[in-house]
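A.B. asks: Chain by chain, the residues:
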Amino acid sequence: DVKVTQSSRYLVKRTGEKVFLECVQDMDHENMFWYRQDPGLGLRLIYFSYDVKMKEKGDIPEGYSVSREKKERFSLILESASTNQTSMYLCASKVGVRDYGYTFGSGTRLTVV
Amino acid sequence: GDSVTQMEGPVTLSEEAFLTINCTYTATGYPSLFWYVQYPGEGLQLLLKATKADDKGSNKGFEATYRKETTSFHLEKGSVQVSDSAVYFCALRSQGAQKLVFGQGTRLTINP
Chain A
1 DVKVTQSSRY LVKRTGEKVF LECVQDMDHE NMFWYRQDPG LGLRLIYFSY DVKMKEKGDI
61 PEGYSVSREK KERFSLILES ASTNQTSMYL CASKVGVRDY GYTFGSGTRL TVV
Chain B
114 GDSVTQMEGP VTLSEEAFLT INCTYTATGY PSLFWYVQYP GEGLQLLLKA TKADDKGSNK
174 GFEATYRKET TSFHLEKGSV QVSDSAVYFC ALRSQGAQKL VFGQGTRLTI NP
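If you read the protein sequences in the order shown, they are chains A and B.
Letter by letter, the first sequence follows residues 1 to 113 in the working numbering.
Letter by letter, the second sequence follows residues 114 to 225 in the working numbering.
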């Protein structure tokens, strides 16, 4: 069974901290995504990557950066965490251009205090 | 730009009731359309999809038909169960794009 693993289920960080959210997939997928989920807003795309070291901004990239040094790992970085970044973060991966669907991780609920 | 609009929630039904969750979209060309489900404490799972006009996606008793003329992809189930309680997301992927665009989600609660 395909799997996307997010390293932490819950995180609590302080304002101004640098935060790393890690995502690993075991399916050899080219495409990986970071979404943010907020009530009433659905999921909004932060960044995505279509290959190693390649990245593209999504709809809400401000305050975030990403890293993809290996195909299986896609990291989301909050350079200086703020309280408005308190949210559920979901990682997803997808193979090529086909519509077999996206595989999502279980999410990381981040609270910034 | 591309967008997806879902009916406002939350939706509360009794077991065995008929379910409809409305979804309409705005996109150029012929997007692929999806319904995802999120059970409590879990990530999103693909429920069903349709990739061209008039296609019907189906899974676990749920159905949705890709209606190009009304730009809609409404989710239906004839008889819901308590275990269907979850948040449902409608989404699209435009031609040539990799990212999914999601609706705001609809929380469904089924009472026994």
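FYI, nobody ran anything at the bench for these hints, they're computed from the structure.
On a predicted model such as this, the values are computed, not experimentally measured, just so you know.
Please note that a few of the clues may not be correct.
To be verified - Straight-line Cα separation of at most 25 Å, SDA-like style, residue types lysine to any residue; simulated pairs:
#1 A:K57 <-> B:Q217
#2 B:K173 <-> A:K55
#3 A:K55 <-> B:K165
#4 A:K3 <-> B:L161
A.B. asks: All the hints need checking, so say for each whether the structure fits it.
C.D. replies: Comparing the hints with the structure gives:
1. With a C-alpha separation of about 21 Å, the suggested pair A:K57 and B:Q217 falls inside the 25 Å cut-off, and the hint holds.
2. For the proposed pair B:K173 and A:K55, the alpha carbon gap of about 36 Å is over 25 Å, so the pair is violated.
3. Taken as a hint, the A:K55 and B:K165 pair is broken in the structure, with Cα atoms around 29 Å apart against an allowance of 25 Å.
4. A threshold of 25 Å between alpha carbons decides the hint, and for A:K3 with B:L161 the separation of about 19 Å falls inside it, so the pair holds.
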